[in-house]
Amino acid sequence: MPDESTAPTPPAAEVPGELPRDRLLDAYRFMVLARTMDERCLTLQRQGRIGFYVPLQGQEAAQVGCALALAPSDWIFPAYRELAVALVRGISPKLLLDQFIGNSGDEMKGRQMPNHYGYRRFNYVTASSPVGTQITHAVGAAMAAQRRKDPIVTVCFFGDGTTSSNDFHAGLNFAGVFRTPTIFFCQNNRYAISLPLERQTHSPNLAVKATAYGFPGVVVDGMDVVSVHTAVAEARARALAGEGPTLIEAQVYRLGPHSTSDDPRRYRSDAELAEWKAKDPLARLKHDLLAQGLLEESADAGLWEAARAEVTKALAEAEATPPITPESIFDDVYASRPPALEEQRVECLRLLQEGILKP
Amino acid sequence: MPDESTAPTPPAAEVPGELPRDRLLDAYRFMVLARTMDERCLTLQRQGRIGFYVPLQGQEAAQVGCALALAPSDWIFPAYRELAVALVRGISPKLLLDQFIGNSGDEMKGRQMPNHYGYRRFNYVTASSPVGTQITHAVGAAMAAQRRKDPIVTVCFFGDGTTSSNDFHAGLNFAGVFRTPTIFFCQNNRYAISLPLERQTHSPNLAVKATAYGFPGVVVDGMDVVSVHTAVAEARARALAGEGPTLIEAQVYRLGPHSTSDDPRRYRSDAELAEWKAKDPLARLKHDLLAQGLLEESADAGLWEAARAEVTKALAEAEATPPITPESIFDDVYASRPPALEEQRVECLRLLQEGILKP
Amino acid sequence: MTDLTLVQAVNRALHEALSTDPDVLILGEDVGVNGGVFRATEGLQKEFGSERVIDTPLSETGIVGAAVGMALYGLKPVAEIQFLDFIYPAFDQIVSEVAKFRYRSGGQYPCHVVIRTPYGGGIKGGLYHSQSSEAYFAHTAGLKVIVPSNPADAKGLLLTAIHDEDPVLFLEPKRIYRSVTGEVPDGDHRVPFGQAATVREGSDVSVFAYGAMLPQAVQAAEALSSEGVQAEVIDLRSLVPLDEKAVLASVEKTGRAVIVHEAPRFCGYGAELAALLAEKALYSLKAPVARVTGFDTPFPYALEHVYLPNAERIAHAVRTTARAS
Amino acid sequence: MTDLTLVQAVNRALHEALSTDPDVLILGEDVGVNGGVFRATEGLQKEFGSERVIDTPLSETGIVGAAVGMALYGLKPVAEIQFLDFIYPAFDQIVSEVAKFRYRSGGQYPCHVVIRTPYGGGIKGGLYHSQSSEAYFAHTAGLKVIVPSNPADAKGLLLTAIHDEDPVLFLEPKRIYRSVTGEVPDGDHRVPFGQAATVREGSDVSVFAYGAMLPQAVQAAEALSSEGVQAEVIDLRSLVPLDEKAVLASVEKTGRAVIVHEAPRFCGYGAELAALLAEKALYSLKAPVARVTGFDTPFPYALEHVYLPNAERIAHAVRTTARAS
Ligand SMILES: Cc1ncc(C[n+]2csc(CCOP(=O)(O)OP(=O)(O)O)c2C)c(N)n1
Ligand SMILES: Cc1ncc(C[n+]2csc(CCOP(=O)(O)OP(=O)(O)O)c2C)c(N)n1
Ligand SMILES: [Mg+2]
Ligand SMILES: [Mg+2]
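Note that the protein sequences, when read in sequence, are chains A, B, C and D. Under our numbering, the first residue of the first sequence carries the number 104, and numbering increases by one thereafter. Under our numbering, the first residue of the second sequence carries the number 104, and numbering increases by one thereafter. Under our numbering, the first residue of the third sequence carries the number 3, and numbering increases by one thereafter. Under our numbering, the first residue of the fourth sequence carries the number 3, and numbering increases by one thereafter.
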């Protein structure tokens with residue numbers, strides 16, 4: 104049962120090389136919605152209404168530019184910071200907020216921390232926390248798609264720090280050897296929690312790492328939605344033409360903390376932050392849209408207002424959604440419960456009934 | 104207590120840039136000794152006198168060229184195929200044969216399969232089987248040497264297949280970031296058991312993989328002892344000058360099977376083998392030595408004879424060395440045995456006494 | 003029915019699965035051209051092509067990670083790890099991903115990967131070609147762990163594994179890959195998970211074993227028979243899910259238990275069996291539970307015959323347990 | 003003596019070791035500039051420099067592999083893994099290298115690496131920030147596994163670990179990093195390995211626990227006291243080597259045992275304790291051994307309070323065990 108999202112129109116299956124002018128405003132609307140929701144979530148976390156949150160601010164253009172270049176049938180393997188990708192994909196704010204709360208509407212059934220979601224019907228694979236593991240999955244899924252002769256690509260998202268992971272190495276190597284239709288989309292936001300890029304690797308940039316695996320690596324300005332879109336569309340076309348994988352390094356900046364548990368002032372300067380704030384991808388795109396006559400100031404205010412209203416409504420619905428039932432923790436460990444696990448479920452139910460465990 | 108080896112003179116601490124003409128004959132002697140011992144070990148395995156063996160034929164020039172460019176204080180982290188490195192290092196045939204047999208002279212105390220040896224006093228670290236793990240060790244040891252300000256390099260040995268391992272990626276990345284004095288010596292013998300290089304990675308060569316880590320990679324003809332020596336000596340000089348690590352790809356060919364459990368005819372052609380046999384590094388060096396007047400045919404025969412005699416003598420001694428005592432399996436798990444392990448040792452001794460276990 | 007060795011039975015199971023289900027594929031190191039270092043995949047690449055029997059680069063992380071991606075997409079990958087000792091580079095994928103995908107996605111993404119791998123000692127493999135680390139995996143919720151001890155079970159359990167909806171670690175006792183031959187049903191033979199097999203009935207002591215320890219346990223039981231001790235030998239086969247009923251029923255009958263495995267004793271799989279008895283069969287127990295296992299050391303090379311439980315050691319423990327009171 | 007939280011005690015132990023032994027160094031993700039995501043290494047890089055408190059790239063394989071190399075060379079590296087849940091990329095290094103180096107080299111190469119890592123639930127961390135996988139490591143011969151439950155032990159055991167000759171996995175109960183404050187001796191305070199601590203004496207039931215389960219066990223014991231059940235609470239502290247004597251002595255006294263841990267039950271550390279009792283204390287046991295543990299599922303997020311053993315569940319099990327006959 105596909106979810107009714109109030110978000111802007113997701114992309115069509117056929118994807119052109121360049122983001123057409125008439126999609127630019129769509130891109131902006133997604134970015135506004137992502138930013139709005141992100142800010143709300145940070146507040147919700149501070150208010151204790153959600154337990155934890157990983158913000159994306161600064162990375163909206165990269166995410167939206169990439170996601171708009173994909174077809175709905177392409178498989179996405181996210182990390183944990185891809186809120187805007189999820190929104191472009193058509194995953195509604197309500198569905199996401201259900202996950203952040205972990206209520207009975209959460210299709211992850213309350214099992215995961217906020218930001219660790221996925222929805223099979225959106226070809227958006229459920230994330231985990233260990234960094235990089237999704238990279239080899241994307242390659243394996245691409246091998247499967249090759250075998251099935253499905254004309255799709257798989258796209259995995261990861262950060263600069265994750266280029267040091269085992270799965271980055273294994274995944275890109277397999278992709279090179281098996282020439283898989285995979286796009287490795289690295290959002291280089293210059294930090295892995297506190298570790299700056301220069302201490303993560305001594306390579307001149309991250310895209311060059313593709314050389315080690317025999318396929319192209321591309322650096323792109325991740326603050327510019329159009330450049331990102333073009334790079335991804337090209338990589339996608341190459342992949343579909345059987346020309347193999349591409350590593351794309353989108354250079355962005357994380358404007359906020361790593362997560363709500365992080366204090367970035369410990370490891371970076373106000374000056375650096377200010378420098379990057381000046382490059383805010385939303386401000387930049389708005390400026391372009393205004394210049395090109397695709398947007399007026401008043402319409403912009405309306406966009407923000409609409410986004411806020413949408414998030415407010417979704418939040419109200421999500422907070423009104425009942426909690427998840429306690430004994431659900433015994434589901435989905437296996438396709439069906441083995442006897443010993445069933446015994447534990449029964450034991451747990453008894454403990455709940457006797458008040459020894461609280462629901 | 105250093106071991107008295109009858110092998111040719113190991114290298115002095117000061118290492119020149121080029122292998123001097125007068126060391127060429129030494130190099131050849133080491134190669135002859137390695138080849139002789141290798142052939143004997145293959146026979147011993149067929150005869151059931153040792154359980155398993157990993158031959159090195161085809162890789163003698165690469166190993167001797169590299170080892171001769173190192174100082175005895177440099178730390179070596181081998182894989183399992185580095186017999187010639189061990190011999191250059193001064194580790195005697197007797198000591199190695201003790202290990203292959205697993206007798207009471209084996210300093211590994213009979214715990215490891217043949218070829219998995221190491222000797223602290225030779226700065227030759229004990230090998231394990233999982234491929235690649237030694238690579239990060241070499242980097243960590245180099246970081247330790249940096250901290251102690253010891254003027255040494257660490258050198259790790261591994262094959263083409265091992266470039267796909269997790270530790271290759273982690274090790275080279277750490278080395279780049281921490282600028283460690285490490286030489287990554289890859290013997291590209293074109294196969295990982297049955298997998299040919301083209302299926303191992305799509306990169307144009309293996310040396311280029313260093314680019315991903317921001318330091319130089321060098322391809323060298325591994326069938327030529329002089330080129331290898333030069334490349335290693337240069338890398339070593341750079342490392343000691345604080346200029347960081349180098350990846351060296353020595354292009355060689357494994358003339359024999361992967362191990363005595365392997366049948367290479369399953370995965371490579373006779374024609375290919377014949378082509379490479381024609382490039383045998385021993386024949387090549389002998390030819391050069393003859394041409395340069397550094398060797399006569401008769402002296403060559405004498406060298407082979409001496410090597411055979413040395414190996415025969417070592418073998419007789421090793422085979423006369425008593426077996427290891429059974430209860431020794433309880434030693435070295437920890438610095439001292441915890442009570443539960445001591446209890447198991449006592450139990451085992453009782454079972455041995457009662458004949459329930461055979462020594 | 004055909005007479006096969008255990009490794010041949012594995013090969014036939016793979017052949018059967020590849021023949022009948024286009025979604026099945028095999029991947030691993032040296033599984034294709036070479037037919038596997040133990041020849042378990044012999045002939046399969048030739049017959050089914052290199053897109054279904056895939057030689058991979060030397061990366062267990064990649065093998066299992068790619069298999070996960072394939073499974074998510076809907077295929078049924080059977081990954082080979084060359085030796086159980088070399089599974090650890092894939093441990094993160096197995097523990098964090100394979101075992102938890104279904105759960106963390108709320109059931110959206112089953113992850114039916116089969117990982118086959120030879121395990122155990124007895125082939126003079128030393129520390130790194132001999133390990134039995136089944137306990138790590140048995141402790142990992144979300145995985146099933148299966149160990150056959152004879153050719154027919156090897157085929158039947160492997161086919162069940164390939165068509166199961168859950169991920170399965172399939173441990174093949176390499177020491178008896180070729181030492182036993184047995185009748186194996188042709189075609190799509192399946193042996194269900196979660197059912198132990200009583201290999202020998204007996205009234206005095208229950209002996210629990212699996213994999214390559216089975217022949218040793220049976221040999222011990224037979225030797226003891228002449229001494230008047232009747233040991234019941236139970237082949238667990240399915241470590242997860244465990245056939246608790248069979249374990250408890252046997253001990254309720256005999257009142258005595260000896261547990262056998264190759265792995266080190268401390269926190270080994272046998273500990274769970276003993277704990278189960280201490281929890282659910284305490285009042286039936288007439289003697290201390292005995293464990294005959296590898297010692298708590300790494301696996302040695304020259305002295306593996308001292309390390310590995312053998313029939314004599316098992317018999318000794320059974321005898322002692324039978325007499326204890 | 004200073005009043006400290008557990009995480010402060012860890013910090014003080016590291017500070018002490020860095021101050022007194024030039025061979026000690028720290029490496030890990032975010033341990034330097036950031037002072038660790040739990041602030042365990044706060045201030046240390048500033049004081050001891052970035053060559054002794056080393057921020058590494060994001061690679062657990064690299065962290066542990068490099069630490070091994072340092073240890074072989076003679077240093078005393080203390081590696082931090084940010085969460086135990088993220089240790090698996092280093093599992094090959096830990097199981098194949100750290101644990102086996104001394105053994106495989108015939109004693110030539112000790113490998114005294116300390117790996118510190120926060121473990122356990124109770125901080126709403128979901129599947130991947132909550133795990134308690136101590137059993138994997140306890141089953142790995144060659145490793146020592148230590149879990150403190152209070153600030154003084156945290157400091158004393160960590161200093162013992164750093165100066166031990168063997169590799170140590172040091173598991174820090176992050177849930178009680180800051181919830182308990184306690185007096186901690188200044189200076190080079192050491193607590194020996196292999197010694198359990200009797201936290202509360204009792205005659206009726208023995209309760210074995212460690213880490214963050216300790217406060218829960220004590221609370222349960224105190225609640226039961228008013229009902230006339232006197233539980234003896236034993237803090238194992240050192241999972242490997244285990245203080246078998248203390249475990250057996252307590253059960254010989256009480257005849258009843260309840261084992262508590264957060265990890266899933268099946269093949270968990272508690273299985274080994276129960277097995278030990280079934281082997282060596284069977285005739286003392288007056289009631290089935292009970293295990294109060296996490297369920298055999300991955301660790302959930304929203305419902306972690308249902309999953310995690312709490313004082314009420316422990317008390318319930320102790321009560322039942324005390325009454326069983
Ligand atoms: C294997 C593993 N180790 C450590 C962590 C803890 N951790 C979570 S995010 C993160 C940094 C990731 O950096 P990057 O890849 O640059 O992505 P970003 O968060 O910047 O988007 C770390 C170290 C983890 N999740 N997984
Ligand atoms: C982690 C791991 N996986 C698999 C193996 C089995 N194995 C042993 S050697 C080898 C091939 C190694 O190839 P390469 O690195 O090229 O070295 P070579 O043997 O050619 O010298 C394999 C797959 C292993 N030892 N370790
Ligand atoms: Mg980043
Ligand atoms: Mg090779």
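Hints are computed from structural coordinates only; laboratory data are not their basis. Any given hint might turn out to be false.
To be verified - Subject to a maximum C-alpha distance of 25 Å in a straight line, what follows is the list of computed SDA-like cross-link-like pairs (lysine to any residue):
id, chain 1, residue 1, chain 2, residue 2
1, B, K382, B, N308
2, C, K282, A, E450
3, C, K288, B, K382
4, A, K461, D, A198
Hints, one by one, checked against the model:
no., hint, in the structure
1, K382/B to N308/B, "20 Å, holds"
2, K282/C to E450/A, "15 Å, holds"
3, K288/C to K382/B, "72 Å, violated"
4, K461/A to A198/D, "32 Å, violated"
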